[in-house]
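Chemist: Which chain is which? The protein sequence lines are R, H and Y, in order. So in our numbering, the last one in the first sequence is 579, and the numbering has no gaps at all. So in our numbering, the last one in the second sequence is 1199, and the numbering has no gaps at all. So in our numbering, the last one in the third sequence is 507, and the numbering has no gaps at all.
Read the hints as simulated data drawn from the structure, not as lab findings. Being a predicted model, the structure only gives us computed values, none of them experimental. Virtual Cβ for every residue (Gly too), placed ideally from N, Cα, C. A hint or two may mislead.
[Stated by the list, open to error] Simulated pairs of lysine-lysine, PhoX-like, Cα-Cα distance not exceeding 20 angstroms:
1) H/LYS1090 with Y/LYS107
2) Y/LYS277 with Y/LYS325
3) R/LYS460 with Y/LYS73
4) Y/LYS322 with H/LYS1090
5) Y/LYS259 with Y/LYS322
6) R/LYS525 with Y/LYS233
7) Y/LYS107 with H/LYS1067
8) H/LYS1003 with R/LYS525
9) Y/LYS233 with Y/LYS402
10) Y/LYS117 with H/LYS1067
11) R/LYS380 with R/LYS296
[Claimed, not checked] The following label-pair restraints were derived from C-beta to C-beta distances:
12) Y/ASP93 with H/HIS1001: 57 to 63 angstroms
13) H/ILE1047 with Y/GLY142: 40 to 46 angstroms
14) R/LEU343 with Y/GLU275: 57 to 63 angstroms
15) Y/ASP420 with R/GLU413: 32 to 38 angstroms
16) Y/GLY17 with R/SER259: 42 to 48 angstroms
17) Y/LYS117 with H/MET1117: 30 to 36 angstroms
18) Y/ALA223 with H/GLU1082: 31 to 37 angstroms
19) H/HIS1001 with Y/GLU204: 48 to 54 angstroms
20) Y/GLY142 with H/GLN1005: 39 to 45 angstroms
21) H/GLY1174 with R/PHE441: 54 to 60 angstroms
22) Y/ALA365 with R/GLY423: 41 to 47 angstroms
23) Y/LYS12 with R/ASN270: 32 to 38 angstroms
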Amino acid sequence: MNKSEIKRKSIEFFNSVYSGPIIAICILAVLLSVFSPQFLKVTNFINISNQIAINIIIAVGMTILITSGGIDLSVGANVALTGVIIALYFRGVPDGGSPLVGIMIGIGAGVILGAINGIIVAYLKAPPFITTLGTMGVFRGFALVFSGGRPLMGINPEFVGVFSGFIGRVPLQFIIALMIALLGAFVLDRTSIGRIAQCMGGNEKTLRVSGIPVELYKVMMYVLTGVLAAVGGMVLTSMMEVAEPIAGQFYELDAVAVVVMGGTQLQGGKGTVFGTVLGAVLLGIVRNGLNMVGVPANYQQLFVGLIIMIAVVSGSRRKYATQI
Amino acid sequence: MLGTIRKSLAGRTLDRYRGVIISLIVINLFFTFASEYYFSVYNMMNILDHSAISLILSIGMVFVLASGGIDLSVGSTLAFTGIIAALLFVHGVPTLVAMIIAILVGIGIGLINGLVISHYKLQPFIVTLAMLSIVRGLALVFSGGNPIIGMPAGFLAFFAGDSLIGNGIFIALGMTLAAAFVLEKTRFGTYVKALGGSEEATFLVGVKTSTIKISVYIISGFCAVMASFLFMAGMDAAEPIAGLTTEWMEAIAAPIIGGNSLDGGKAYVLGAVLGVLILSCIKSGLNMMGVGQHYQQIAIGSVIVAAVILDSLRRKI
Amino acid sequence: MSTLVEMRSLKKNFGGIKALQDVNLEIAAGEIHGLLGENGAGKSTLMRILCGLEIPDEGMIRVEGSEVAIHKPADAQALGIGMIPQELILIDGMSVTENIFLGYEKCSRFGVLDQKQMRTRAHELLDSLGSGDIDPDMFIGLLPKADQQIVAIARRILQGGKVFIMDEPTSALTEKETEKLFKVIRTICGEGNAVVFISHRLEEVLEICSRFTILRDGKNVASIPNGPEVTKRDLIAHMIGNDIEEEFPHTAAEPGDKVLEVANLSFTTSQGREVKDVNFHVRAGEVVGITGLVGVGKTELSQTLMGLRRSTGGSIYIRGKEKKIHSPVKAVRNGLGYVTEDRRGEGLVLGLRSLYNMTLGSLARIVRGIVIKLRYERKIGLDYASRLNMKPEYVNLEARKLSGGNQQKVVVIRQMMGDADVILFDEPTKGIDVGAKAEIARLISSLSGEQKGICIFSSEPREILGVSDRIYVLNNQGFVGPYERGDLDYKQLMAIEFGESRTTGV
Chain R
256 MNKSEIKRKS IEFFNSVYSG PIIAICILAV LLSVFSPQFL KVTNFINISN
306 QIAINIIIAV GMTILITSGG IDLSVGANVA LTGVIIALYF RGVPDGGSPL
356 VGIMIGIGAG VILGAINGII VAYLKAPPFI TTLGTMGVFR GFALVFSGGR
406 PLMGINPEFV GVFSGFIGRV PLQFIIALMI ALLGAFVLDR TSIGRIAQCM
456 GGNEKTLRVS GIPVELYKVM MYVLTGVLAA VGGMVLTSMM EVAEPIAGQF
506 YELDAVAVVV MGGTQLQGGK GTVFGTVLGA VLLGIVRNGL NMVGVPANYQ
556 QLFVGLIIMI AVVSGSRRKY ATQI
Chain H
883 MLGTIRKSLA GRTLDRYRGV IISLIVINLF FTFASEYYFS VYNMMNILDH
933 SAISLILSIG MVFVLASGGI DLSVGSTLAF TGIIAALLFV HGVPTLVAMI
983 IAILVGIGIG LINGLVISHY KLQPFIVTLA MLSIVRGLAL VFSGGNPIIG
1033 MPAGFLAFFA GDSLIGNGIF IALGMTLAAA FVLEKTRFGT YVKALGGSEE
1083 ATFLVGVKTS TIKISVYIIS GFCAVMASFL FMAGMDAAEP IAGLTTEWME
1133 AIAAPIIGGN SLDGGKAYVL GAVLGVLILS CIKSGLNMMG VGQHYQQIAI
1183 GSVIVAAVIL DSLRRKI
Chain Y
2 MSTLVEMRSL KKNFGGIKAL QDVNLEIAAG EIHGLLGENG AGKSTLMRIL
52 CGLEIPDEGM IRVEGSEVAI HKPADAQALG IGMIPQELIL IDGMSVTENI
102 FLGYEKCSRF GVLDQKQMRT RAHELLDSLG SGDIDPDMFI GLLPKADQQI
152 VAIARRILQG GKVFIMDEPT SALTEKETEK LFKVIRTICG EGNAVVFISH
202 RLEEVLEICS RFTILRDGKN VASIPNGPEV TKRDLIAHMI GNDIEEEFPH
252 TAAEPGDKVL EVANLSFTTS QGREVKDVNF HVRAGEVVGI TGLVGVGKTE
302 LSQTLMGLRR STGGSIYIRG KEKKIHSPVK AVRNGLGYVT EDRRGEGLVL
352 GLRSLYNMTL GSLARIVRGI VIKLRYERKI GLDYASRLNM KPEYVNLEAR
402 KLSGGNQQKV VVIRQMMGDA DVILFDEPTK GIDVGAKAEI ARLISSLSGE
452 QKGICIFSSE PREILGVSDR IYVLNNQGFV GPYERGDLDY KQLMAIEFGE
502 SRTTGV
């Protein structure tokens, strides 16, 4: 490549939406490896990939949903509730149940929870963020009620093996997350569903006038998000081998954070799953770094909030820059 | 829609709040029959006392909603400013000084919210959602994750009091009346409602809409601090997880139940009061029936969803 | 009479479109000045400049003798100039008094409102306008449109208005309400203020205005005082000139069976008027033009056909079968296609590339299952683009980056790709330049050549005359027509639009 081509490609790179997260990842990685010898170890990377797996699974669904102009704050509660329901099944059935049925129940739960959100938003025209704020409370409440407020053990070991474990040195849940991300990217970029999602976020009226049943597709987006949150719940329950009704707290914030960091805009219309994955990696490294410095887990929310704020503010500036 | 020509105050009130008042009566009747403990002077006083905190938060929220915005960070602000005040108390700072500092912090959080929202033209819900996280984190950091106990005597006396009903509700009512006055009788109140009604029209007549926007979030932050003082006085401690469970959601649900709109333009203070009462009665009633906390969360969450659906249906009419 | 406002040699371009070329306007105190011209003649641009909503490329404005610079609405307001737009910037949820005093409240210290005084003053103001019957405490949203208008005027008076620009003030008013409004206008002008009156209703304009300035294609055509010798015909003649009509390419096609038939359809316009007894049909390969003045209800009619609006009576037949069209999904399923008037707001997803906008209506065609065949999509996109002389590189650009004409092409391509039997076009050439206008006309003709039934709803008479095989008109007497191609010329069509029957010309 000659000089001018390199220059052109560099400008392209810096203008692209991925430059932010990639640069941030590089800087952080360099800083952390300088300050802490533990960072560059393979075990540490495995650790990080372990941590971000569930976040990625949920965030893929959130990416498509936000692209279509919606949002779902109940995903964290969904994670908990799905786990609880599955645990109840495994405990309730005399022979420990079958993993396949467990999976079907989990997905079914995701569909129902997502559909509840979707129907209220699409057909009753309620604003998504506050509706899902409410359903978050409701789902969380049910998780607490069904479980009696206690963690539930006795998860079917075969089920656990489906979602967690290792392939070689790589965590299985991370591979699942990547596969879901690939699938999500495919749906968003190359299927009619993804295309409709992009239009819905950009200009709903156009879709309507073209004869596409907008409400139906809206519900579909929420169901998709609900199912992926449920999958996240299944992965979490497998990893921990216990279903906790208080699990999944702040998962919704983490999901929104990585989606926004990855370049998908909150107003909708443009979405990138790849960006979300980058965002998740970035958040994972940030968390990893904080852990190494000794910051306790529940303080880390502070940083997630800061990240969302920064990402949203810088996103708005970019929007104004391109509007001529 | 609502009353046309100016009827008597009582007439208009009945018109507008008919549904809410009926609901309130029905709920009370239900719980009276469902539990023997519910309908007693003691419990009614209790309900009023516990309503105070939610009421103060809701009053602040009425300003924000009327302007067309929303503030999700009030619960976190409540916790954080409480921790700050408590830390200062425990380290011997004079009570009044500590309170003022806490108030300044609360106002500061509101100021940041308002500045970011108005300057970058962002959606209020995401900005205040991020702020919720940040401030919650700060509360945890400053408190080490543990409650801080031991409030000064003077503080307790003022904000809690000794009597059955406590001073909280009176403070809350005082703030409520002040809010109603500002919203109905001052130029500022008119501008807040106008902003929510039509930002374009308000801007075109030369009103500084950004100042109004920032002001309502400052008010909301201030109310969060006052609510925090009541909370601490009640608990004799400051907790980093205060306001986490349902208080902040109630602060949004109550005004909406009372007729305020997510779209803005309406500033129904009495509606917010009635909304708070409804939620408090539900909570109390469920408690008296022996229903666990967990069910209460379902109930409150469902009420929020129902309120939002109601609001969106109302807007169609 | 002293001159209040003088606008001299104003020029304004928007991209390639010359909105104003060397336009002059003089407004005298006490005058009701009618500003006339067809759509796109430049009236609204001129007024927007006067109000500070646009900045002219060249030209000078003098107010009461001194030259001024008006760069933003506040500047105009300070000079006493303000517009009362058609949509009336009032706040529904607030009372009459609150709206009148918005931004100019009377307070004591600390900003406490003196509500009693404001209420009294509001009443005085309304009374001085002859509308003392309007209750100052009433919510604006509950008042009839005419009263809302008067409140808007009262507000401007309170703000110190001297020049009132009223844009289509009577389009939503009944005759009685119009009379009421005219009384108010006469009152304020009697006090030395001036009103600029923009309207298509020539009878009213002749009744109320003391002077006319007529624009055509961004240029001054005439500036004449009103008088007994000035007739509607004169005004129309000035407005349309004696130019040779533009050539709209038209290929006659053999009409086939009826694809769309409408019987006794009725609906309500966005201003609340009811339109009844709409009857027409469209055959395959035909272009039917439906025209009328702005605000008469053409868009609403097209929306009703497409299921975007409820009809209040009547029936719709597609290919001979009666269909209940309650939603656009049903409409599309029954073979209807729609090209919106507001192509930016409703017709395009601006952030998406044009290719994706094109294929939006025909996703079924480019997918295998739910997977989109990207290469195939690009191929047919480029194919259609070249058919319409659209540069291939535009296909991959974000729709927001295209010019108005190209954006319209994208929307038309969307229809071409779909398999509708009937395509409704709402104001297809609004706001695009002459070259693109001819292009669209050619497109419409070619679409009809593909045996589709086309129905155009347009306020531009030349376009309707050039493109349609058959014409219907919505006017104040109802839905009239059909007129076969060649039956009418421009002047006759305009006369029908203004509500005069063809035989009794004025």
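Chemist: Taking the numbered hints from earlier one at a time, note which ones the structure violates and give those numbers from smallest to largest.
Modeler: Violated hints (numbers, rising): 3, 4, 6, 9, 11, 12, 15, 16, 17, 20 and 21; every other hint is consistent with the structure.
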